[in-house]
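> Between the sequences and the hints, there should be enough to build the whole structure, so can you do that?
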Amino acid sequence: MDNSVHLALVVLGPIIFIGVTFIGLRMFSYWRSFVFRWSRYRPSPPVSSADLIAMDVPFVKIQVTTRGSAGSTEVIIRGINTVMELAKEARGFYSSFLSIEVVTESAAQAWPLRQAFKDSPLAVDVLVVPDDYLPPNGTRLKARGLHYAVEHRRNSWNRKPGRTFILHYDEESVMVPAELRKLIACLAATDKKILEGPIYYPLDYMRSSALCRAMEANRPIVCYECRHVMENGTPFHLHGSNLVVDEELENEIGWDIGCLDGEPFIAEDYVFGMKAFSKFGKEVFGWHGCVMLEQPPFSVRSAFKQRHRWVFGVLQGMAAMSSNPHFVMLPWKTRAGLLWGTRYRLSTFALGSLVGVLCMAVMPVFIVQSIRAMLEGGPAPMAGPEGIWLSVVGIMWIGSIFVGAWHNLADSDLSPAERAAEMARAVLLAPIAGLIESSAALHAVIDWARGKRHVHWVPTPKTKEADLESTRRSN
Amino acid sequence: MENSVVVGGDGTVLITAPATLATPARKANVKARIECLVLAVGAFLIAAAYIVVPLATALYFMIHTFFLAVSLGVAVIIEVALAIIVIVQRTER
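Chains A and B supply the protein sequences, listed in that same order.
To get this note's numbering, take the position in the first sequence, counting from 1, and add 1.
To get this note's numbering, take the position in the second sequence, counting from 1, and add 13.
It is worth saying that the hints were derived from the structure and are not from the lab.
Among the hints, a few may not be true.
What the hints assert, rightly or not - Covered, in the sense of this in silico footprint (three residues per stretch, anywhere, with C-beta under 8 angstroms from a C-beta of chain A), are these stretches of chain B:
| id | segment |
| --- | --- |
| 1 | 42 to 55 |
| 2 | 60 to 67 |
| 3 | 73 to 80 |
| 4 | 100 to 106 |
As the list claims (entries may be wrong) - Per label pair, the in silico range of CB-to-CB distance:
| id | chain 1 | residue 1 | chain 2 | residue 2 | range |
| --- | --- | --- | --- | --- | --- |
| 5 | A | Ala-190 | B | Val-54 | 20 to 30 angstroms |
| 6 | A | Gly-282 | B | Phe-80 | 52 to 62 angstroms |
| 7 | B | Phe-79 | A | Gly-282 | 53 to 63 angstroms |
| 8 | B | Leu-58 | A | Thr-22 | 22 to 32 angstroms |
| 9 | B | Leu-50 | A | Ala-55 | 43 to 53 angstroms |
| 10 | A | Met-56 | B | Gln-102 | 49 to 59 angstroms |
Unchecked claim - Residues on chain B that point at chain A, a partial pick, calculated with CB under 7 angstroms:
| id | residue |
| --- | --- |
| 11 | Thr-70 |
| 12 | Val-93 |
| 13 | Ile-97 |
In this text, a Cβ means the ideal position worked out from N, Cα and C, and glycines have one as well.
In structure tokens form, the structure reads like this:
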């Protein structure tokens with residue numbers, strides 16, 4: 002028995018060590034940004050409405066793009082209500098430059114939205130994408146709606162007489178007034194044309210399953226690295242919400258991204274970022290650092306599908322960019338850096354499931370042998386510098402859950418004891434939650450490698466009821 | 014106790030006035046504290062498995078004192094956690 006355990010450790014130990022190192026180096030990139038550049042992460046000081054009135058503020062259009070599926074109307078109204086809270090601070094001032102546009106695929110959604118905001122301080126325009134609308138390149142899914150809005154703007158729809166930014170919201174996005182004020186102040190001063198900020202996930206937090214909450218705790222630490230890549234102008238992962246784009250640039254690029262092998266793109270944000278980089282270079286990218294709030298998926302099934310969609314979408318985007326005429330004109334080193342950088346990120350995400358399973362299998366033996374070696378003497382596995390490296394990776398991994406849970410809970414209405422319990426729960430569930438989400442990534446990579454190309458745009462359900470209904474339908 | 018401002022689940026700003034705890038609320042409070050304690054112990058065990066054990070083992074084979082190696086391992090976790098908390102708090106505003 003002892004011999005077989007020893008043999009297993011001898012064989013699996015180095016494999017796990019290599020896998021952990023591969024993933025640990027990726028973690029190191031966002032921890033470097035967290036530890037050494039945290040002061041650049043949230044650069045804007047608090048701003049009041051009076052401060053803004055004294056500035057030369059640009060026009061800002063908040064655009065919510067939705068498929069109009071069940072539950073989306075409620076969460077869109079929630080997000081717009083928070084913008085209205087800001088507008089009430091100085092109605093005349095905010096209505097002079099701030100407006101809201103909802104682009105929906107559902108004609109039925111237009112009426113309740115118009116009714117909800119008919120007497121509100123800000124104009125809310127609802128644009129319904131006709132069923133038969135098809136952009137010139139045959140773009141479908143979310144990019145179809147985004148391009149429909151671009152075509153309208155190119156034809157002077159809601160045109161403003163000056164520099165205009167579009168702040169992209171997902172259906173459930175919320176920005177509290179303090180963050181919106183900071184964002185407007187940042188946009189008044191910036192010369193960048195594509196900016197992003199962090200996203201945390203406190204909304205409807207406790208209605209989501211505990212495993213989903215633990216999975217969402219993995220996400221905010223990545224925002225620190227997002228800051229780094231946006232300031233460096235290498236768009237490894239542009240996300241479609243909390244994305245601010247100069248209207249002129251968005252009109253020029255458009256969202257008519259076409260299809261790949263006859264299948265639509267599901268990561269239109271990644272493709273948009275790569276197109277912008279290929280055409281305008283890294284100087285257009287920037288970081289505004291103002292927080293957007295969103296919500297976790299309600300069920301593990303929804304979270305799994307969401308992660309699968311991200312990875313599959315990026316694989317689609319990379320394949321498409323390889324044949325993009327602007328992209329192939331870039332220097333070889335730049336192209337290789339972008340493509341291999343993205344491949345490395347995806348492979349660490351997918352590899353997490355294999356390394357996680359092996360770690361769980363070996364961990365009990367590893368712990369027992371290590372403690373026995375310390376108490377009784379004798380050899381111990383990973384007893385040299387490699388043990389220190391493993392613990393450093395452990396610190397980075399569990400630390401990222403801790404940081405993510407902290408940020409997600411900071412804006413939730415939980416008591417200190419509940420908040421501490423939630424953070425501990427996220428750490429406790431981290432091995433299982435990490436395994437589930439990296440399995441989704443691995444599943445997407447395997448699907449892609451097997452030649453699967455068919456995709457659906459099924460947005461993550463935005464209410465518990467819609468999530469249950471979606472699960473019932475698929476069963 | 015002062016009133017506190019929180020952002021509610023619907024994204025609106027709420028002002029919550031603390032009230033004197035009635036018996037069911039007290040029970041819920043005690044239950045939350047016990048749950049918090051149990052979860053904290055569980056989280057510490059996970060951190061011990063993935064951080065303290067490999068670190069303490071590596072340190073033990075350098076300094077050859079079990080108690081010192083484990084103490085240093087635990088101290089490192091606490092130090093790192095405090096450093097992370099300081100940075101996170103500074104990026105909250």
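> Determine for every hint whether it applies to the structure shown.
Each hint tested on the structure:
Using a Cβ-Cβ cut-off of 8 angstroms, 8 residues of the segment 42 to 55 of chain B lie near chain A, which meets the minimum of three, so the contact claim holds. Counting residues of the segment 60 to 67 of chain B whose beta carbon lies closer than 8 angstroms to any beta carbon of chain A gives 7, which meets the minimum of three for the stated coverage. Restraint check on the segment 73 to 80 of chain B versus chain A: 3 residues with Cβ-Cβ distances below 8 angstroms, three needed, restraint holds. Look at the segment 100 to 106 of chain B against chain A: 6 of its residues bring a Cβ nearer than 8 angstroms to a Cβ of that chain, three or more, so the hint holds.
The hinted window of 20 to 30 angstroms between Ala-190 of chain A and Val-54 of chain B is violated, with their beta carbons roughly 49 angstroms apart. A beta carbon spacing of about 58 angstroms between Gly-282 of chain A and Phe-80 of chain B agrees with the range 52 to 62 angstroms that was offered as a hint. Evaluation of the 53 to 63 angstroms hint for Phe-79 of chain B and Gly-282 of chain A yields a pass: the beta carbon distance comes to about 57 angstroms. Look at Leu-58 of chain B against Thr-22 of chain A: about 25 angstroms separates their beta carbons, and that is inside 22 to 32 angstroms.
As the Cβ distance of Leu-50 of chain B to Ala-55 of chain A is approximately 51 angstroms, the hint placing it in 43 to 53 angstroms holds. Distance hint check: the CB atoms of Met-56 of chain A and Gln-102 of chain B are about 29 angstroms apart, inconsistent with the given range 49 to 59 angstroms. For Thr-70 of chain B, the interface hint holds, the least distance from its beta-carbon to any beta-carbon of chain A being 4 angstroms, beneath 7 angstroms. The interface hint given for Val-93 of chain B holds, since its Cβ lies 6 angstroms from the closest Cβ of chain A, which is under the 7 angstroms cut-off.
The beta carbon of Ile-97 of chain B is positioned within 7 angstroms of a beta carbon in chain A (closest approach about 6 angstroms), and the interface hint is therefore held.
Checked against the numbered hints above, the structure breaks hints 5, 10 and satisfies the rest.
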